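Participant: So the chains spell out like this:
Protein chains: 2
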Amino acid sequence: MANKWTIAIDAMGGDNAPLSVIAGLDLIYDYLVKNNIALLLFGDAKVLSPYLVRYPRLNNISTIVQADEVVQGDDKPSKIIRKGRNTSMWKAIEAVRNKQADAVVSGGNTGCLMGISKLLISMIEGIRRPAITTLLPNTTDYTAMLDLGANAECDEHNIAQFAVMGSIYSKILLGKQKPKVGILNIGSEAGKGLDYLTKAEEIFEAKKEHLPFEYFGFVEGDDIMKNKVDVIATDGFSGNVALKSIEGTAKFISTDLKKVFVKSPLTMFGYLFMRGAVKKFKNKMDPRKYNGAVFLGLNGVVVKSHGGTDAFGFSNAVLYASRLLVDDFTSKVAEEIKKLN
Amino acid sequence: MANKWTIAIDAMGGDNAPLSVIAGLDLIYDYLVKNNIALLLFGDAKVLSPYLVRYPRLNNISTIVQADEVVQGDDKPSKIIRKGRNTSMWKAIEAVRNKQADAVVSGGNTGCLMGISKLLISMIEGIRRPAITTLLPNTTDYTAMLDLGANAECDEHNIAQFAVMGSIYSKILLGKQKPKVGILNIGSEAGKGLDYLTKAEEIFEAKKEHLPFEYFGFVEGDDIMKNKVDVIATDGFSGNVALKSIEGTAKFISTDLKKVFVKSPLTMFGYLFMRGAVKKFKNKMDPRKYNGAVFLGLNGVVVKSHGGTDAFGFSNAVLYASRLLVDDFTSKVAEEIKKLN
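Protein chains in written order, with the numbering used here: chain V, 1 to 341; chain E, 1 to 341.
Chain V extracted, bound-state conformation (with noise of 0.2 angstroms):
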């Protein structure tokens, strides 16, 4: 039987990579075979080779593609744009470019992978502007927010497609049938913050009975973590800040907390009996879980693993990828934007 789906991996992306990246397709080789995806892995053969040794079965399900160069962690785009032709991430993004794979992973430069995947891959019919979007934690579920720093200045319609796209994909990730929608501003009363926030109201508010969503209203940086709404909307300037400000702070708190639990053998012992609540605390709070931002409205799924993550990371980030393509993301977004449009 042919393959429905190829995914594109970045072999060589991340801190960990190759180790992390085909160790953790190993984790999800039944879900590949079962949901009929093959895989296509760029890098270097001599180095890849050894490690699909270690997971043979691998071999099933894909090819490698020789790819001499690696982009790296401090590149920028402009270099990778001129003469990075040869790295993995650039054959795997023109991989998709060319047909010959639906999605692409990599855990390698994000800079590099959403500057090169713009270039090459098309933006889906009626979409202006592409978007970052990652899932948060939040009190019960997990919120999607978009756009993450894609795009700095953002219009009306900008928000309003980002909602739409948003929402496609809560819907596919998190089961939502009509998600909520949020736009972020700084205050919840409706004429509050910059105008083209106002305008996204008044379209949402036109386009109504045409809508994948409900649209909640105004929402700001302290709703983010709770569940009020399934996706927040906004710039790219404010969703990158929303984002790294939540990030830093839940590091803040858990480089302080680690510091409580170690600091004296009273301490040392009282840990003891709360390691069992302590380690579900963690479980909750584990970025693995939701590691990936995608980049969506491309014709093709783009997806970023955290360059940091081990392999149980880096298989949720295939995960994404999977599942957005098994429930067509790209084909449902491009019908709803008809509609909005």
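Where hints are given, some of them may not hold.
[As the list claims (entries may be wrong)] Interface residues of chain E toward chain V, partial, derived using beta-carbon atoms under 8 angstroms: (1) GLY193; (2) GLY221; (3) ASP222; (4) ASP223; (5) GLY248; (6) ILE253.
Hints listed in this document are in silico derivations from the structure and should not be mistaken for laboratory results.
Predicted, not measured: the structure shown is a model, and the values here were computed from it.
Glycine included, every Cβ here is placed at the ideal spot set by N, Cα and C.
Given chain V's structure and the hints, the job is docking chain E onto it.
Facilitator: Leaving out everything else, chain E in the frame of chain V:
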């Protein structure tokens, strides 16, 4: 001896007013006396007088000024500006306008406090826009960030002036001799993000010898709680989003943390041994210690105390106002802004 400074207190503002207000002032009675600071207490004398019976020494430095009405939490600034002239908040701000007081402190409605202050009190000469700031804890100290929401849209001159005001604020409250200032952006390389942020950097470069601070460069959302810079300058939209994202995350994590601690008899038992360490952790995070958003740029110090705080929190807000007066914040800003313009 005549009093050197007078602070107008909105004695009715805040969830726990007037008790938290009067008890808070009593906590710092010695400091106020030592620094020759007198108080004007705005509110209903019938309500306030019984509290002054409980804290009688406050009578030595306080005068009650009758105000029949109180601004409510959900009052719109436009309504209070039309018909709120008998409120304790309005009258307290008016006292600064009329030079009867040098500063005003209120735990009431933020929008009304900022709106009325902007309307009644003139701006420091040379200042284009006032800004809201507060101190945020970082790994080893506190960082001042501004603007936090007074100006949704800003230009390079606003950002440059915020940097000047923030650095004098940081000098006075944190004792920084040459504060390090960063501009909030979505990347740390020069040329990243929005145009006016790059233009603000150019102003700093051109005025290098005339700045009361050291310019550090761009910082990102996850740098706010690191001790990377002492002051972060940003537009009021991004600043508000960042602040609320931080607050929301801290609340999200501490709520989950509480659940961990009360989960079972076993964890409760473990908690007994860790109590001291956890207490220290909470103490460091105690928002009452950095209670007080300050509205900078007006001819008079305007401090907003958190509405839900207690006497200790309110006393810290009054201490902020006092120290900004004693160290002559307003004249210092006027002087530095002259050099910048």
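Participant: All hints are to be evaluated individually against the structure, with a verdict given for each.
Facilitator: Now for the hints, and whether the structure bears them out:
1. GLY193: Since chain V brings a Cβ to about 5 angstroms from E/GLY193, closer than 8 angstroms, the hint holds.
2. GLY221: 3 angstroms, holds
3. ASP222: 3 angstroms, holds
4. ASP223: 7 angstroms, holds
5. GLY248: 3 angstroms, holds
6. ILE253: The hint holds - E/ILE253 has a Cβ within 8 angstroms of chain V, the shortest such distance being about 5 angstroms.
Every hint, counting from the list given before, is met by this structure.
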